[in-house]
Structures are given as C-alpha cells and as structure tokens.
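**Q** Chains A and B are the protein sequences, given in the same order.
For the first sequence, position 350 matches number 350 in the working numbering, and the numbering has no gaps at all.
For the second sequence, position 205 matches number 205 in the working numbering, and the numbering has no gaps at all.
If you're looking for bench data, these hints aren't it; they were derived computationally from the structure.
Built from N, CA and C at the ideal position, the CB exists for glycine as well.
Possibly wrong hints are sitting among the right ones.
Claimed, not checked - Chain A side only, calculated, beta carbon under 8 Å to chain B, not exhaustive: (1) P214; (2) G320; (3) G323; (4) E515; (5) L578.
To be verified - Calculated from the model, a selection of chain B residues having no Cβ within reach of chain A, i.e. all distances over 12 Å: (6) E92; (7) A96; (8) R105; (9) E155.
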Amino acid sequence: MEPAPATVRNLEALEALQQTLLKNRKLANATIATCCGTGCVAKGAIDVFQALRQEVAKLRSAPVPGRRDVKSVKTLAHTGDSQHTSVSAAKNGRAPVPGTLRVVSKCTGCHGFCEYGPIVVVQPHNFFYTNVKKEDAPEIVAQSALEGKVIERLLYRNPVTRKRATRAEDIPFYQKQRRIVLSHNGVLDATDIRDYIAAGGYRALGKALRQMTPEAIIAEIENSGLRGRGGAGFPTGKKWAACRQARGDRRYVICNGDEGDPGAFMDRSILEGDPHSVLEGMIIGAFAIGASEGYIYVRNEYPLAVERLQTAIAQAKQYGFLGRDIFGSDFSFSIRINRGGGAFVCGESTALTASLEGRPGEPRMKYIRTVESGLWGMPTTLNNVETWANVPRIIHQGAAWYAAIGTAGSKGTKVFSLVGKVNNTGLVEVPMGMSLREIIFDIGGGVQEGRQFKAVQTGGPSGGCIPAAHLDCPVDFDELTKLGSMMGSGGMIVMDEDTCMVEVARYFTHFLAEESCGKCVPCREGLSQMLAILNRITQGQGQPRDLEHLEFLCHLIQNTALCGLGTSACNPVLSTLLYFRDEYRAHVELKKCPAGVCRNLFRYEIDPQRCKGCQRCLKDCAVGAITGKRKMPHVIDQQQCTKCGACFSACRLDAIQKI
Amino acid sequence: MTATEIQIDGQTFPAQDGEYVLDVARRNGIFIPALCAHPLLKPYGACRLCLVEIQQGKRRRMVASCAYPVQAGLVVRTATDKISELRRGIVELLLARCPDSPPVRELARRLGVSESRFPTLYRAGEKCILCGLCVRVCHELVGAAAISFVSRGKERRVDSPFALGSEDCLGCCACVAVCPADAIAVRSDADTLNLMPFNNSVKMERCAKCGKPIAPLPLLALIRSRLSLQEPDRDGFHSDPDLIKEDGDAVERVPAGVAGAIHNQKIAASSFFLAKNLCADCRLERSAQALAAVAAQQRRAS
Ligand SMILES: Cc1cc2nc3c(=O)[nH]c(=O)nc-3n(C[C@H](O)[C@H](O)[C@H](O)COP(=O)(O)O)c2cc1C
Ligand code: SF4
Ligand code: SF4
Ligand code: FES
Chain A
1 MEPAPATVRN LEALEALQQT LLKNRKLANA TIATCCGTGC VAKGAIDVFQ
51 ALRQEVAKLR SAPVPGRRDV KSVKTLAHTG DSQHTSVSAA KNGRAPVPGT
101 LRVVSKCTGC HGFCEYGPIV VVQPHNFFYT NVKKEDAPEI VAQSALEGKV
151 IERLLYRNPV TRKRATRAED IPFYQKQRRI VLSHNGVLDA TDIRDYIAAG
201 GYRALGKALR QMTPEAIIAE IENSGLRGRG GAGFPTGKKW AACRQARGDR
251 RYVICNGDEG DPGAFMDRSI LEGDPHSVLE GMIIGAFAIG ASEGYIYVRN
301 EYPLAVERLQ TAIAQAKQYG FLGRDIFGSD FSFSIRINRG GGAFVCGEST
351 ALTASLEGRP GEPRMKYIRT VESGLWGMPT TLNNVETWAN VPRIIHQGAA
401 WYAAIGTAGS KGTKVFSLVG KVNNTGLVEV PMGMSLREII FDIGGGVQEG
451 RQFKAVQTGG PSGGCIPAAH LDCPVDFDEL TKLGSMMGSG GMIVMDEDTC
501 MVEVARYFTH FLAEESCGKC VPCREGLSQM LAILNRITQG QGQPRDLEHL
551 EFLCHLIQNT ALCGLGTSAC NPVLSTLLYF RDEYRAHVEL KKCPAGVCRN
601 LFRYEIDPQR CKGCQRCLKD CAVGAITGKR KMPHVIDQQQ CTKCGACFSA
651 CRLDAIQKI
Chain B
1 MTATEIQIDG QTFPAQDGEY VLDVARRNGI FIPALCAHPL LKPYGACRLC
51 LVEIQQGKRR RMVASCAYPV QAGLVVRTAT DKISELRRGI VELLLARCPD
101 SPPVRELARR LGVSESRFPT LYRAGEKCIL CGLCVRVCHE LVGAAAISFV
151 SRGKERRVDS PFALGSEDCL GCCACVAVCP ADAIAVRSDA DTLNLMPFNN
201 SVKMERCAKC GKPIAPLPLL ALIRSRLSLQ EPDRDGFHSD PDLIKEDGDA
251 VERVPAGVAG AIHNQKIAAS SFFLAKNLCA DCRLERSAQA LAAVAAQQRR
301 AS
C-alpha cells in the first residue's frame, strides 16, 4: 500500500518515505511506461496508453492464460489521473504472495526520440519499443510484461546496420547523450510525486533547508559554473548573489517557461515530464535569495504543462515542500502559475515581468537590473526552466561533480531540440563541449536521404547559421558566440545542400520583424527595411548596394535596439553574409538561386540528351507546361511553368535540371 | 537626494541621485537629440536617438541617456563618430517612415542627414513617430488610459481599444498637446469633440444660456468630482449655497477678498463663480451683471 501523503518534516522522514516507495516499486513484476510527451501524443500515445491500461485492468479479473500458478493478477495503476489501485497481497510492504503478479502501467514525459514515437518501455527488462500502436497492447502485456519476452518487431532498427536494439542504451541516438536534466523523462510518472520521491526527489531541498545556509547554497551554485539556459548564459550563482544582496521588502523568483522559439520543446518537455525538479529548484533558489513567492510563466500554448504543474504544486503542498515551514524549517514559499502573453518577445525578462504585472508585454530598459528592481519593483531572480531543473541536481551531487562536466567556460549539459534535415530529430542532452558534428552525425544520424550537410542554425530564430567548416566547434556559450551564432535556449536546425541561405535569412528576419514589439525605432523600422531588401533579393530584384545596406542596418540595430530581440535579430543575416556571401551575390548580381529554392531565380529545363520521352513529367505537370512526343525529348514552356517541381520529382532519369 | 558628479564630454557637472544622464546634459546645454523623453514622464527609451557612450572602469557601452541613472564617477561621451553614425542611421529610418514630418526633418537637418537611403514602407503621409508621449501622458499623468499601443512590429500604432473609440477618454486633449509630430487631429462639432485617428468621441457641455459647446462633459464631470461639486441644475446654476464655505474646497479657489464680499453681500455666490456650464461670453455677461449688482448694493449701503 502506498503511504498516504503527509507533511515531511525532516530528512530522516524523507529517507524513510523514499525507502517505502522504492520497496513498493520493486514489488512490481513489470512496469509498462508509455511516453506521453508532445511528439508521442501527436502520434497516438494516449490511445496506446489507454489500451495498455485496459489490458492491465483485464488481468485483475481474468487469470493469465497458460499460467495456472497465477491465482490473481493485480494492477497498480500509476495512471495519468493518478488513481492507485493497491494490492491487498502486498499490503504494508510485505512481499507479494507467490503467484501474485503486479503490473504497473504509467505514462511518462518525453524520451526525446519523438521521430520513433509512440514509445513504450517495459521494465525491468528495459525493452524499448518504438512506433507502438494501440493494437500492440495485448501482446506487450502478455508477452513482455508477464513473460519477459521481447517483441522483435517493435524494437528500433538501426537504418545503417539493420540491427535491432533491445534497450535505449543500444541506440546510437542515446549512446553519446548524457542525461542529467532529462534523466527523469521517460522514467517517472510526472503526475505522481511519489515516483519523484522514490527517485531521490526533494532530497536536495531537504539538504539545502536543513544543512546549508543560503550563502552556502549560492556558493555551491556559483562553484558549479551553472550558466542560464534561457539565452544569454548569465552565471546563475552571480545572479542569485546580487538578488540576495539587493535591498527590498519582498523578493521574488520567476521561472521563465515562455519558450517562444518556434520548433523548440526543451522546456515544455521538462515541465511536462519532470515538473517537480523545476519546483524543487525554485524552492531552493527562493530559500537562497530570501524570496517568499514564486511565479512560473508558462507559454499559453502549453496547457498540458500547466496542468502538470498544477498537479505537482498541489502534491508538493501535501508533502509540505511548498507552503509554510517547509521541511520543518521556518521558511515559507508559494508558487503561482501564469499563462504567457503569446508573443515571442514576452520571453524577454522585462517584458515577462511587465506581463506578470498585468501590463502589455513590452521590454523596458534594464539599466537598473531585475535582480534589484524586477517584479513590482522588488528584487527578482528570473531563470529559465532548464536552469531551475539543474539546481536540485547540483545541490544533491555537489558543485565539483557538476563542474567536472563540460568546458572551461560552460559547465554541465545542455538540452537541444534537434530538428530540420537530420535523420533523428528530437530532444538531446549532451555535455557542454561536444562538437556540433557529434551531435548532428552521431546522435542525429546525419543528414536525411544522404544529402550534403550545409549549415546548422543554433540558438533559435535569432541564432546564426554555422557552415560545415566549423562543424568541429564545441557547444559552448562563448565558442558559438565567436562564430556569430549563440547557444540561445537550445534550438538546433540542420540544413542540407538544397537549402537557400538567403531564403533562410529572409525567413528568420520575417519572423523577427513580425515578433518585434515595435517599441524602439531601430528594431521596428530597421528589421522591416531588412526584410524588404531580403524579399527583393529572393524575388530577383536585388540591387547593387543591397548587401552594403543590409550590413549597415545590422550594425545599426545591433548597437542601438532596446532589448535582446533587436540586438540579436541580425545574427541570421550577418552569419549568412559571412559564410555564404557567394549565394547572396549570385542572387543579386546573376539573379540566380544556386540552391534552386527562390522561384524567380531558376528554371526547370529538360536535358534532351537524357530525356527518353517517357512522359512521366508531362503527366504530372498540373498546368500542362510540358510538351513532347513519346520517346522524343520533352520541353518545358517557361511561360507556363509555375516551378512547382512536380516534374523534377517525377523524372527517374535525372533529365530535369534546375538552372 | 544626494549630490554627486558626473563627467560629460570631458567636463564635470554636478548631478542629483535619481536624475538621468539626459537631464544633466540638457541642464548644461549639451545637445543630445531625444524624441521620446519628457520631463514629466518616466523614461521610455524608444527612439534611441539619445544614445551616448558610457565608461565604467575599462568597459564602454552604448546606453540611452534618457534612462541611464546618474552614478558617481560616471564618464559619458555624447558625440563620438560612432554615436553620430548611429544617430544618423536612426534618423534615416524615421525619415523613411515619415518623410514629411517637420520635427523629423528638422532633426535630420541638425544631424546632417538630407535624405534617407531607405524607402517608405508605410502609407504616404504617416505622421506618427511612435514616440509614445501621448500614450504615456494619458496613462501616467491624466490617468485615463484611453489610448494604448496596439499590434506589433511595423503594424504598431496608437489607438483606442479595437479602434472603436475609448469610453475612458476625457477629451482633455493632453495627447494632442504633447504630440511633437502633430499626428493627432481634433475635430469638433456642435455636440462632440473627436480625436482622430483614435475615434475617441466625447460629448460637449453646451452653454446653458446660448447653447454653444463649452468643454468636454467627462472632463467637467471629473473636475466637479475632484472639487466635490454637485452637478449644476437645469439653468446652469449651483443651487446649494452651502457650497461656499470658508473651509471648503470651493472657497479655496475663490480669492479671499471676493469671497468675503460675497459673504457680506449675501449674493448667490454659487451662481457667480461656479456656474461651470456657461460659455465664455455668457459668463462674462453674467459676471458683469453680478459685479454691477454688488456695486449697486454697496452704493445703496453707503
Ligand atoms: C526576445 C527574447 C526572447 C526570450 N525568450 C525566452 C524564453 O522563451 N525563455 C527563456 O527562458 N528565456 C528567454 N529569453 C531570455 C530571458 O530574457 C532571460 O535572459 C532568461 O530567462 C534568464 O534566465 P537564465 O539566466 O536562466 O537563462 C528571451 C530573451 C529575449 C531577448
Ligand atoms: S528591440 Fe525590438 S522587441 Fe526589443 S524593444 Fe525594441 S522593438 Fe521591441
Ligand atoms: S501620436 Fe504623437 S505623441 Fe503619440 S506616439 Fe505618435 S507622434 Fe508620439
Ligand atoms: S529620448 Fe531616449 S530613447 Fe528616446
């Protein structure tokens, strides 16, 4: 029987609770964990989870066929709605009566390997099933959970070696990762604080509150070398120390869960899959700086994260980890959740604070720092989700352990959302210092369809594009900045040879010009002017002085914009101008798009030498622009051609070329 | 407030804690262009023209002087080549937005910019430079919050909620007065005062005697409520004689000698001073009559 929630007053009580919970978990003969992260849910994970739950529930009433020694099968359902059916036979932690089986079915946070979702893991065998469908549920329960047999067809198959991998550790995607922040994702039931406690959760909080002074905690964070994961990489310990020293009647801590980068889902996965480590980090931070109230600002598009956080907060209160006199100390702290304002710029610290105060989410100047005058003019510490999630780990395992991971200037690990033209898209966590090449080729499995790598954009929409020549650059705050890009919050978009870098720059400038709040002149007017120039260039109307104008605007905006959106907005243009200038010149001077992306700047032509007149292209052309007799070379009427590319894909002889 | 000293362009100036660099520069006649700063409003930092370079130790950086607080030992440069180049760039961007705006043209001339290298991306005749003065006056000083910025990026503009005209507009026209770009138009007809382009439409109080529009109703209502006055009666008179009390709010606003005279002469003082809803002409006429009456009474008495 799981113990009822009760206030934990000291470390000994927590220890005892953890042991009981662990013992209970060991009683399970099998645990079936379905990933209910965003990617897997989009591919039907909820259906899979429900089918599995039904199968497990069926076991309760029906004897298991072929196992006559089993009298009854009981379930302990760690389910999404956190209902627990306890087992009479295992009451009070007694060993299960021989012949009684316990099967647990639970849902967990994202494994990061979303490409292959829905993912189901069966413990204790560690079977890692990919692309699971609800129809697979009976077999998973009967074969894997009850009999411990692996189901071959559900295992991941390495596309290169064609070999199947039984466990996650056998998959190249996971082999080079080092999961610290994501260590609970895919393992714990995010809706059940007991799973978190069993895994050692809230021990760091107990240690911090009962065995450390606030100064010692701040020193520990400073010594760990932790730098903010939200973008600028500011040393977290230094921020806390300044906030603790600032004068004010009240102090606040804020968790920035706005995650506005399109395509990024690091923070979302942590909030949804492991909300308690974020809470634990915030409580420790609040104690260290002397705050009594905290806010979590969650992007409006993340309702599940809000729900998980609400559950987690309610549960943490039940155990006395939030509220009055936490852990039997005289420290009290509460956390509130706020839904984001919806704009990209709302993730900027001053805009976020304004939004929390109910004002429009617009940046203001921070010559008086947030740590001195933040929310309601009081000293405030704002950190990113991933930053907070690192805190309990550092307190638990020590600064030295953390500082041993990573490079001289960037410690620990970083979570990236690896997307674009890479084989294994998903969430990856690597030690700082790993090269871009290792991330993209070893973990990411290289570029899709065997194409050439062209560039990787790091750091979200205002990051720079790094070319192949710099693939050996380590991920490190300062090294990425030197290359004209940035760590940002951890976006990583891989681009292949078919990508037009001018179009890429135009795309991100478009995004940023639209997301600019419009308050300050250089960002509002400057980005619009840059966009106008880039639009012209990609449409084939580039003018001789365009590149010079672009460079001037970048210089202007970088130096004068009010907030980080503006000052970083030129990275995509500047980096592509630096590394891919020839492509710009081809667009402007020759009116050609070398990658064959900008529609006005190339044409499709049929090579008469190669064309055998099979008529495939002719049939596929929606506008009838292709003519030609069977077995005779065909021609494209350029006037009619809309450059849709249908013929290009249809031709099997590579006779159609982009010129 | 404590006094301190800062250095601007090599000269040392006294400054007060709580002041901003721009304040000190302006007081001492150092030119720093600034379009969005106003002495009565909080710093905003939107035009970025007031950029200066500051040095703290070895570190140099660009800051907006309108918002950078004075600190002891601060070293400021207001006119380096880089600053001039950046300011000219910003003016070019503003000029592209509002090519015909007199204040922008004037500033461009002063900074040595004759035309912008960038095209206009807005409808012709755009006047608003988005300095935010009107919005901030309305929020910070008037307290009505009737207009705000709406939309993002290039679409940003000042408007009433949903462009439908604000219910909170007092018709005080503080926004019109503060706008440096003449971008807010006042149109009034017999019954209403309209602020464009906000579509704010405010009813006018009409003269109780001749019917001419006098002042915006919500504004008068606000003044009355701040002075704790009653609404005037149908004829435009405040009928409550108790209003004129020596310790009351109203009396403080009446010159002491006059108030004494009224008291002695038992004139319906409220109608004399507080009949707010008379137009200037009718008020003049009424005052003349009232004064004549006082004079007549005094003559009779003597
Ligand atoms: C335009 C803009 C958007 C930002 N968006 C986010 C965001 O979505 N999440 C985030 O954590 N930080 C974001 N930041 C960074 C924050 O301003 C802030 O530096 C960060 O949250 C501080 O936390 P850290 O020190 O833990 O990184 C953004 C910054 C800018 C300029
Ligand atoms: S830099 Fe852009 S987003 Fe930031 S305040 Fe200026 S206009 Fe707004
Ligand atoms: S209307 Fe005038 S005061 Fe208001 S933002 Fe535009 S230019 Fe500034
Ligand atoms: S006056 Fe300082 S930014 Fe406009």
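**Q** Compare the structure with the hints numbered earlier in the document and write down the numbers of the violated ones, lowest to highest.
**A** Result: hints 1, 2, 3, 5, 6, 7 and 9 break, sorted rising.
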